[in-house]
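> Here's the letter readout for the chains.
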Amino acid sequence: KNQVEQSPQSLIILEGKNCTLQCNYTVSPFSNLRWYKQDTGRGPVSLTIMTFSENTKSNGRYTATLDADTKQSSLHITASQLSDSASYICVVIGNTGGFKTIFGAGTRLFVKA
Amino acid sequence: EAGVAQSPRYKIIEKRQSVAFWCNPISGHATLYWYQQILGQGPKLLIQFQNNGVVDDSQLPKDRFSAERLKGVDSTLKIQPAKLEDSAVYLCASSLDRAGASYEQYFGPGTRLTVT
Chain X
1 KNQVEQSPQS LIILEGKNCT LQCNYTVSPF SNLRWYKQDT GRGPVSLTIM TFSENTKSNG
61 RYTATLDADT KQSSLHITAS QLSDSASYIC VVIGNTGGFK TIFGAGTRLF VKA
Chain B
1 EAGVAQSPRY KIIEKRQSVA FWCNPISGHA TLYWYQQILG QGPKLLIQFQ NNGVVDDSQL
61 PKDRFSAERL KGVDSTLKIQ PAKLEDSAVY LCASSLDRAG ASYEQYFGPG TRLTVT
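Protein chains in written order, with my numbering: chain X, 1 to 113; chain B, 1 to 116.
Simulated from the structure, these hints should not be mistaken for lab results. Any given hint could be a false lead.
To be verified - Among the chain B residues that face chain X by a calculated CB cut under 10 Å, a handful are:
(1) A2
(2) R9
(3) W22
(4) N24
(5) Y35
(6) G42
(7) L45
(8) F65
(9) A93
(10) E104
(11) F107
Claimed, not checked - Simulated pairs of lysine-lysine, DSS-like, Cα-Cα distance not exceeding 30 Å:
(12) B:K11 - X:K1
(13) B:K78 - B:K44
(14) B:K11 - B:K71
(15) X:K17 - X:K100
(16) B:K15 - B:K78
(17) X:K57 - B:K44
(18) B:K15 - B:K44
(19) X:K57 - X:K1
(20) B:K11 - B:K62
(21) B:K62 - B:K83
(22) X:K71 - X:K57
(23) X:K1 - X:K112
(24) B:K78 - X:K57
(25) B:K11 - X:K71
(26) B:K62 - B:K78
(27) B:K83 - B:K15
(28) X:K57 - X:K17
(29) X:K112 - X:K57
(30) X:K1 - X:K100
(31) B:K78 - X:K100
(32) X:K1 - B:K71
(33) X:K100 - X:K57
(34) B:K62 - B:K15
(35) B:K44 - B:K11
(36) B:K78 - X:K112
(37) B:K83 - B:K11
(38) B:K83 - X:K1
(39) B:K71 - B:K44
(40) B:K83 - X:K71
No residue lacks a Cβ here, since even glycine has one placed at the ideal position from N, Cα and C.
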């Protein structure tokens with residue numbers, strides 16, 4: 001069964017600290033993996049898109065890594081800010097006779113002053 | 001560039017009533033998606049259109065949900081009759097082409113539906 005599992009479910013950190021969010025998936029064949037940020041009451045906004053040949057991709061203070069062999073991805077946030085408080089959703093696009101979009105449940109990040 | 005527009009933003013109805021949501025995608029985007037996001041969960045794809053044709057509606061509860069994109073631009077999603085478990089945020093997204101081609105999906109703000 002194609003699944004995307006994220007951990008932790010929620011996380012509280014102090015402003016200025018770094019954190020890493022995890023994503024494990026069983027989707028196969030794999031087309032690409034995306035990380036989205038979803039602020040409360042808003043739609044998700046794309047942070048990164050990676051194909052299987054890409055190991056890392058950065059977007060400002062956000063750095064995503066991908067290990068297609070172990071089917072794991074991580075999102076690292078550097079020098080967190082209060083505005084980073086949001087849900088971070090890992091999304092995997094599978095290619096199983098048609099492209100399928102599979103969302104993880106998200107990690108809820110709280111950044112405290 | 002204007003984003004994906006959705007209306008209404010909020011809707012409260014009683015169970016067994018009907019409701020409709022509207023989405024206007026980004027101009028020129030061929031692919032349109034409707035998602036259901038229950039509180040605390042990731043979005044679940046309900047239906048995907050490529051222009052005005054349905055690409056994937058495998059998770060759409062067809063006994064009560066329907067969607068159309070008649071002219072390949074705007075789309076409406078309808079629920080009739082609504083159940084308590086339909087309470088969720090309904091997100092519309094669009095992309096230049098299909099998701100597997102690595103095109104980004106742009107999401108609207110969503111419609112929060114509460115069924116009482």
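> Now look at each hint and say whether the structure bears it out.
Right, here's what the structure says about each hint:
1. A2: violated, 14 Å
2. R9: Status holds, d = 9 Å.
3. W22: Because about 15 Å separates W22 of chain B from the closest Cβ in chain X, which is outside the 10 Å limit, the hint is violated.
4. N24: Because about 14 Å separates N24 of chain B from the closest Cβ in chain X, which is outside the 10 Å limit, the hint is violated.
5. Y35: holds, 8 Å
6. G42: Check passed: Cβ of G42 of chain B comes within 3 Å of chain X, closer than 10 Å.
7. L45: holds, 6 Å
8. F65: violated, 18 Å
9. A93: Where the cut-off is 10 Å and the nearest Cβ of chain X is about 7 Å from A93 of chain B, the hint holds.
10. E104: Check passed: Cβ of E104 of chain B comes within 5 Å of chain X, closer than 10 Å.
11. F107: Status holds, d = 3 Å.
12. B:K11 - X:K1: With a Cα-Cα distance of about 34 Å, the restraint between K11 of chain B and K1 of chain X is violated, given a limit of 30 Å.
13. B:K78 - B:K44: holds, 16 Å
14. B:K11 - B:K71: Roughly 26 Å separates the two Cα atoms, so the pair holds.
15. X:K17 - X:K100: Roughly 35 Å separates the two Cα atoms, so the pair is violated.
16. B:K15 - B:K78: holds, 14 Å
17. X:K57 - B:K44: Measuring from Cα to Cα gives roughly 26 Å; hence the hint holds.
18. B:K15 - B:K44: holds, 22 Å
19. X:K57 - X:K1: This hinted pair holds, its Cα atoms lying about 27 Å apart.
20. B:K11 - B:K62: This hinted pair holds, its Cα atoms lying about 21 Å apart.
21. B:K62 - B:K83: holds, 14 Å
22. X:K71 - X:K57: holds, 16 Å
23. X:K1 - X:K112: violated, 37 Å
24. B:K78 - X:K57: It is violated: about 39 Å lies between the C-alpha atoms, which goes past 30 Å.
25. B:K11 - X:K71: Measuring from Cα to Cα gives roughly 39 Å; hence the hint is violated.
26. B:K62 - B:K78: holds, 10 Å
27. B:K83 - B:K15: With a Cα-Cα distance of about 5 Å, the restraint between K83 of chain B and K15 of chain B holds, given a limit of 30 Å.
28. X:K57 - X:K17: Roughly 20 Å between the alpha carbons, so the hint for K57 of chain X and K17 of chain X holds.
29. X:K112 - X:K57: holds, 26 Å
30. X:K1 - X:K100: holds, 12 Å
31. B:K78 - X:K100: This hinted pair holds, its Cα atoms lying about 23 Å apart.
32. X:K1 - B:K71: Roughly 35 Å between the alpha carbons, so the hint for K1 of chain X and K71 of chain B is violated.
33. X:K100 - X:K57: Measuring from Cα to Cα gives roughly 22 Å; hence the hint holds.
34. B:K62 - B:K15: holds, 17 Å
35. B:K44 - B:K11: holds, 20 Å
36. B:K78 - X:K112: violated, 40 Å
37. B:K83 - B:K11: holds, 14 Å
38. B:K83 - X:K1: Cα-Cα ~28 Å, so holds.
39. B:K71 - B:K44: Given pair K71 of chain B, K44 of chain B holds - Cα atoms ~25 Å apart, limit 30 Å.
40. B:K83 - X:K71: It is violated: about 37 Å lies between the C-alpha atoms, which goes past 30 Å.
When the structure is compared with the earlier hints, violations turn up for hints 1, 3, 4, 8, 12, 15, 23, 24, 25, 32, 36, 40 and for no others.
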